[in-house]
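**Q** Single-letter residue listing:
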Amino acid sequence: MLSEGVWTYAVIGGEAAEHSFGRLRGVAGEPVRAVTGSGLTAAVGTVRLDEFGEEALRRHLEDLDWLAATARVHDAVISEIARGGAVVPMRMATVFLDDARVRGLLAARHDDFVSALDRVTARQELGVKAYADPKALTGECGSGEHQSGEKLSGTAYLMRRRRALASQDDAFRIAAAHADRIHAGLLKHAVAGKRKPASDRRLTGRDGWTVLNGTYLVDEGRVDVFRAAVATIDRNTPGIELEITGPWPPYSFAGDVVGL
Amino acid sequence: MTLTPRDDFSPVQQASGSSLSGPQSTNLGDILERVLDTGIVIAGDIRVNLLDIELLTIKLRLVVASLETAKEAGIDWWENDPWLTGKSSQLELENERLRERIEELENGNGRRRAIKGQATEYEDAE
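As you go down the protein sequences, you meet chains A and L in turn.
So in the working numbering, the last spot in the first sequence is 261, and the numbers never skip.
So in the working numbering, the last spot in the second sequence is 881, and the numbers never skip.
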């Protein structure tokens, strides 16, 4: 009966020495090691199946604390490996039964990994989010608001509510237009870019609307230009606040060439 | 503008297991949307369909579609606006106010005053 599995973090080019990942520790606190084959290296860790097996994973993934901690470590390992060169990140919770199965993967998907590595070599992924302040966008200042209710007739109340909705609608249109323009502007400085759905507010911890959740693959030599472009847009767009994250390992782009 | 450097990684912290309580400047949502949705899809031997995980799909991932998609899909994005949350209580309040106005008007008693009063309130409201 198997009690251990092989958690995979990333695939890199070349066949690395088994202990080339130094002191890196993985999701189970295990040392990260190399499995090599077909001219590629998978960064993996041995994990217990009673915590990382099918049933346990299904249970754990519902546990936000476990999920958060595991996601952070998975990301941290990949990020650290990415500092040394191009990586193809593996999706969290990709677990094999043994090293032979990982070698099988490297052989079977060799061409896909090579294409993906080519795509992301000497490039970084940067995230850019735009938050909109609806009031600032419509030039409406909150000071004219009545205290809720008293002495306001039903009709006046309805009119006020209609005005508020109309102005929200205006703000929405303005914000959406800004988001399109910002995304198009940033694409000029990037190899590729994608718009992702906005994160839940409970995760962003922000009050404003997330009108753009973009992520961009940028040539290393153009990262400063890209960051400067973000700063300029941020300065020149009242009511919109930009936030830049990264550099990330190329999570959002490594799969582009594979067509999956 | 908020710059968020990814400085929350240290192999030493990792080894001691304290990375979980260490500085976490990187937003969890940003990490999750990437590590769970990373572009290259490999089927491991341990099959866990992430889409089956209720917490992930319902509570974390794609909870709010992008604004334009939401609009196209007819989602009332402003339902989340603080001003309009507790929708039912707002409606109740509204109904109550309307009922009061109708009663006042139907009452005949002080009818002129009511109409005049309404006009005045209009001006206040503008």
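These are calculated hints, taken from the structure and not from any lab test.
Just so it is clear, CB atoms sit at the ideal spot from N, CA and C, and this is done for glycine as well.
Heads up, some of the hints might be wrong.
Across the chosen pairs, the derived CB separations fall in these ranges [what the hints assert, rightly or not]:
no., chain 1, residue 1, chain 2, residue 2, range
1, L, Glu-861, A, Arg-164, 27 to 33 Å
2, A, Val-226, L, Asn-804, 36 to 42 Å
3, A, Gly-15, L, Ala-798, 53 to 59 Å
4, A, Asp-64, L, Glu-858, 53 to 59 Å
5, L, Glu-855, A, Ala-229, 54 to 60 Å
6, L, Asn-862, A, Asn-237, 19 to 25 Å
7, L, Arg-854, A, Pro-239, 40 to 46 Å
Beyond 10 Å from chain L on every Cβ pair, some chain A residues (computed) [to be verified]:
no., residue
8, Ser-4
9, Ala-18
10, Arg-49
11, Gly-54
12, Pro-90
13, Ala-94
14, Arg-104
15, Arg-182
16, Leu-188
17, Gly-256
**Q** Report holds if the minimum CB distance from A/Ala-18 to chain L is greater than 10 Å, and violated otherwise.
**A** A/Ala-18 is indeed farther than 10 Å from all Cβ atoms of chain L, at 17 Å.
**Q** Is the Cβ of A/Ser-4 more than 10 Å away from each Cβ in chain L?
**A** Holds, since 13 Å exceeds 10 Å.
**Q** Taking the minimum C-beta separation from A/Gly-54 to chain L, is that value above 10 Å?
**A** violated, 6 Å
**Q** I want to verify a distance hint. Is the separation of the beta carbons of A/Gly-15 and L/Ala-798 within 53 to 59 Å?
**A** violated, 25 Å
**Q** Quick check: does the Cβ-Cβ distance between L/Glu-855 and A/Ala-229 fall within 54 to 60 Å?
**A** Holds - the Cβ-Cβ distance for L/Glu-855 and A/Ala-229, about 59 Å, lies within 54 to 60 Å.
**Q** The output says A/Arg-182 does not contact chain L. Does that hold with a beta carbon cutoff of 10 Å?
**A** holds, 13 Å
**Q** CB of L/Arg-854 to CB of A/Pro-239, is that within 40 to 46 Å?
**A** With a Cβ separation near 43 Å, L/Arg-854 and A/Pro-239 satisfy 40 to 46 Å, so the hint holds.
**Q** Since A/Arg-49 was said not to touch the interface, does its Cβ keep a gap of more than 10 Å from each Cβ of chain L?
**A** holds, 12 Å
**Q** Test the statement that A/Leu-188 is away from the interface with chain L: the closest C-beta pair must be farther apart than 10 Å.
**A** holds, 16 Å
**Q** Within 19 to 25 Å: is that where the Cβ-Cβ distance between L/Asn-862 and A/Asn-237 falls?
**A** violated, 58 Å
**Q** Within 27 to 33 Å or not, the Cβ separation of L/Glu-861 and A/Arg-164?
**A** Taking Cβ atoms as reference, L/Glu-861 and A/Arg-164 lie about 28 Å apart, which means the hint holds.
**Q** Is 53 to 59 Å a correct range for the gap between the Cβ atoms of A/Asp-64 and L/Glu-858?
**A** Holds: the Cβ-Cβ distance is about 55 Å, inside 53 to 59 Å.
Checked against the numbered hints given earlier, this structure breaks hints 3, 6, 11, 12, 13, 17; the rest are met.
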